[in-house]
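Enquirer: What follows is each chain in one-letter form.
2 protein chains.
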Amino acid sequence: MPVPINLADKLKAVKRLWSPAIVARLNDYKIQVVKVKGEFVWHRHPETDELFLVLSGSLAVRLRDGEVVLSEGEMFVVPRGIEHCPSAEGECHLMLIEPAGTSNTGDASGPRTASEQEI
Amino acid sequence: MPVPINLADKLKAVKRLWSPAIVARLNDYKIQVVKVKGEFVWHRHPETDELFLVLSGSLAVRLRDGEVVLSEGEMFVVPRGIEHCPSAEGECHLMLIEPAGTSNTGDASGPRTASEQEI
Chain H
1 MPVPINLADK
11 LKAVKRLWSP
21 AIVARLNDYK
31 IQVVKVKGEF
41 VWHRHPETDE
51 LFLVLSGSLA
61 VRLRDGEVVL
71 SEGEMFVVPR
81 GIEHCPSAEG
91 ECHLMLIEPA
101 GTSNTGDASG
111 PRTASEQEI
Chain W
1 MPVPINLADK
11 LKAVKRLWSP
21 AIVARLNDYK
31 IQVVKVKGEF
41 VWHRHPETDE
51 LFLVLSGSLA
61 VRLRDGEVVL
71 SEGEMFVVPR
81 GIEHCPSAEG
91 ECHLMLIEPA
101 GTSNTGDASG
111 PRTASEQEI
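Heads up: the protein sequence lines correspond to chains H and W, in order.
Under the numbering used here, the first residue of the first sequence is numbered 1, with each subsequent residue one higher.
Under the numbering used here, the first residue of the second sequence is numbered 1, with each subsequent residue one higher.
If you're looking for bench data, these hints aren't it; they were derived computationally from the structure.
Be aware that one or more of the hints could be misleading.
In this list, chains with the same sequence are indistinguishable; a pair is considered to hold if it fits within one copy or across any two.
[Claimed, not checked] Straight-line C-alpha distance at most 20 Å; calculated SDA-like pairs for lysine to any residue:
(1) 10 x 68
(2) 15 x 40
(3) 10 x 69
(4) 37 x 115
(5) 15 x 44
(6) 30 x 66
(7) 12 x 1
(8) 30 x 96
(9) 15 x 63
(10) 10 x 58
(11) 30 x 99
(12) 37 x 91
(13) 10 x 64
(14) 15 x 47
(15) 10 x 85
(16) 12 x 109
(17) 15 x 58
(18) 12 x 24
(19) 12 x 73
(20) 10 x 118
(21) 12 x 66
(22) 37 x 108
Sequences and hints are given; from them, build the entire structure.
Expert: Here it is as structure tokens:
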């Protein structure tokens with residue numbers, strides 16, 4: 001029998017910040033958890049929307065014309081093509097959903113690009 | 001500026017059980033919240049997987065060969081084509097993700113089929 005996917009338990013196995021881990025797949029989408037702290041890089045995903053759901057902590061999704069600040073239990077979908085920069089003052093745990101193959105750094109690439117990993 | 005989507009707040013506006021409400025869209029997927037209690041109908045979605053994430057309460061996803069019991073913070077993806085019947089002893093609040101146009105009762109249809117609604 002399949003077992004429930006406990007998001008908090010999965011997050012315990014995540015060691016690196018800003019390195020999403022795939023916990024499940026929904027058709028051709030990847031369901032990920034990620035730990036973040038500090039500021040990421042400005043980037044956009046030209047081909048896809050991206051869903052952020054805060055599981056614990058607080059996340060600011062900076063946009064060029066302002067920012068959306070998310071608390072636990074709050075979500076936001078960054079529309080495709082929109083530049084954004086996620087930022088968290090304290091450690092924040094997220095669920096992140098986007099199509100498999102989507103790079104975490106989008107069109108920016110660079111040293112913070114993470115390879116896809118499953119846990 | 002866009003605003004955060006607070007899932008608990010959205011759920012306060014949901015009055016009917018087993019009637020999913022769309023709170024956001026991710027490409028051609030619908031992000032929904034739903035209140036459930038009691039047993040639904042056996043059905044399957046021949047064309048798509050379906051993601052259940054428990055936001056509060058507890059949900060049993062019955063399958064023909066057993067069941068997966070989900071608590072708060074736990075999720076499960078029912079694979080496409082697999083018969084299932086969600087069931088909750090007490091009131092349970094869920095996030096439900098699947099492609100827009102997917103019927104809540106899948107191939108079973110019947111009186112519990114809900115029309116798509118946004119809140």
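Enquirer: Does each hint hold? Answer for all of them.
Expert: Going down the list of hints, with the structure as the test:
1. 10 x 68: between (26 Å within a copy, 17 Å between copies)
2. 15 x 40: within (17 Å within a copy, 39 Å between copies)
3. 10 x 69: Between copies only: 17 Å across chains, 24 Å inside a chain, cut-off 20 Å.
4. 37 x 115: within (19 Å within a copy, 40 Å between copies)
5. 15 x 44: Neither way: residue 15 and residue 44 sit 25 Å apart in one copy and 37 Å across, limit 20 Å.
6. 30 x 66: Close neither inside one copy (28 Å) nor across copies (25 Å); limit 20 Å.
7. 12 x 1: Neither, since 23 Å and 34 Å both go past 20 Å.
8. 30 x 96: Both: 8 Å inside a copy, 15 Å across copies.
9. 15 x 63: So residue 15 and residue 63 fail the 20 Å test inside a copy (27 Å) and across (34 Å) alike.
10. 10 x 58: Both ways: residue 10 and residue 58 sit 19 Å apart in one copy and 19 Å across, limit 20 Å.
11. 30 x 99: both (6 Å within a copy, 14 Å between copies)
12. 37 x 91: within (5 Å within a copy, 35 Å between copies)
13. 10 x 64: neither (33 Å within a copy, 27 Å between copies)
14. 15 x 47: Neither, since 29 Å and 36 Å both go past 20 Å.
15. 10 x 85: Close neither inside one copy (24 Å) nor across copies (26 Å); limit 20 Å.
16. 12 x 109: The answer is neither: 27 Å in one copy and 40 Å across copies each exceed 20 Å.
17. 15 x 58: within (19 Å within a copy, 29 Å between copies)
18. 12 x 24: For residue 12 and residue 24, the Cα distance is within 20 Å only inside one copy (16 Å; across copies 28 Å).
19. 12 x 73: Cα proximity of residue 12 and residue 73: in one copy and across copies (19 Å, 14 Å).
20. 10 x 118: within (10 Å within a copy, 31 Å between copies)
21. 12 x 66: Classified as neither; 32 Å inside a copy, 28 Å across copies.
22. 37 x 108: within (19 Å within a copy, 46 Å between copies)
Of the hints listed earlier, those the structure fails to meet are numbers 5, 6, 7, 9, 13, 14, 15, 16 and 21, in rising order.
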